[in-house]
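Trainee: Spelled out, the chains give:
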Amino acid sequence: GENVEQHPSTLSVQEGDSAVIKCTYSDSASNYFPWYKQELGKGPQLIIDIRSNVGEKKDQRIAVTLNKTAKHFSLHITETQPEDSAVYFCAAERLGGNEKLTFGTGTRLTIIP
Amino acid sequence: KAGVTQTPRYLIKTRGQQVTLSCSPISGHRSVSWYQQTPGQGLQFLFEYFSETQRNKGNFPGRFSGRQFSNSRSEMNVSTLELGDSALYLCAGRSEPTNEKLFFGSGTQLSVL
Chain A
16 GENVEQHPST LSVQEGDSAV IKCTYSDSAS NYFPWYKQEL GKGPQLIIDI
66 RSNVGEKKDQ RIAVTLNKTA KHFSLHITET QPEDSAVYFC AAERLGGNEK
116 LTFGTGTRLT IIP
Chain B
375 KAGVTQTPRY LIKTRGQQVT LSCSPISGHR SVSWYQQTPG QGLQFLFEYF
425 SETQRNKGNF PGRFSGRQFS NSRSEMNVST LELGDSALYL CAGRSEPTNE
475 KLFFGSGTQL SVL
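Residue numbers (this note's numbering), protein chains in the order written: chain A, 16 to 128; chain B, 375 to 487.
Simulated from the structure, these hints should not be mistaken for laboratory data. Given the structure is predicted, the values throughout are model-derived calculations rather than measurements. Every residue gets a Cβ at the ideal spot worked out from N, C-alpha and C, and that includes glycine. Keep in mind that a hint or two might mislead.
Here are the simulated lysine-lysine pairs, DSSO-like style, with alpha carbons at most 27 Å apart [claimed, not checked]:
1) A/K115 <-> A/K37
2) B/K475 <-> A/K83
3) B/K387 <-> A/K86
4) B/K475 <-> A/K72
5) A/K57 <-> B/K475
6) A/K72 <-> A/K83
Per the computed footprint, the stretches of chain A lying under chain B, defined by three or more beta-carbons under 8 Å from a beta-carbon of chain B, are [what the hints assert, rightly or not]:
7) 52–58
8) 90–96
Using the sequences and the accompanying hints, generate a full structural model.
Mentor: This is the structure:
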């Protein structure tokens, strides 16, 4: 089955700086890669996603890049703000097969004011 | 549109008891997935239902079961509770019509004493 590894497990950045979280996946058939943000006491919230036919996607301060050859994808957050502090999860899935998201282990991001 | 609703929010049970959790997806969404979240194992897939049929199942023992009703509401049951079943149980619905994006509820926090 699919295995997703995520690094780092914790990340602290100064407010205004950029944060990068990296994930690798094992199943070359995976074709959908979402990122989730989870705040304390809440369920994961989808913040951005990318399909395997796209190399990069951006939404305001958030961007995701995908390297299919190397089987890794990354989340980039620019101009970080205190409200970006949360746990972030990457995930991978083979759409059109047995739909089942496999999640990374999470990154606790702390923005230092 | 109302989001994914899970009840109850918190639950305390003792070993050996059984428990039923409820989930109502976003109106119009026919798919419901269940995940277990623990600090040690992260987010683990339990099962997915689509139009009242289970179409995918994770690697959990038979004590974990679920069902879906004609209005897409879903229930998850855990029998003969064990201490290790203490977790946040998350329900999610998939976007229509692409069945791509997964939207989570806030979860039910189950504590087994």
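Trainee: All the hints need checking, so say for each whether the structure fits it.
Mentor: Hints versus structure:
{"no.": "1", "hint": "A/K115 <-> A/K37", "result": "holds, 21 Å"}
{"no.": "2", "hint": "B/K475 <-> A/K83", "result": "holds, 20 Å"}
{"no.": "3", "hint": "B/K387 <-> A/K86", "result": "violated, 42 Å"}
{"no.": "4", "hint": "B/K475 <-> A/K72", "result": "holds, 16 Å"}
{"no.": "5", "hint": "A/K57 <-> B/K475", "result": "holds, 18 Å"}
{"no.": "6", "hint": "A/K72 <-> A/K83", "result": "holds, 14 Å"}
{"no.": "7", "hint": "52–58", "result": "holds (count 3)"}
{"no.": "8", "hint": "90–96", "result": "violated (count 0)"}
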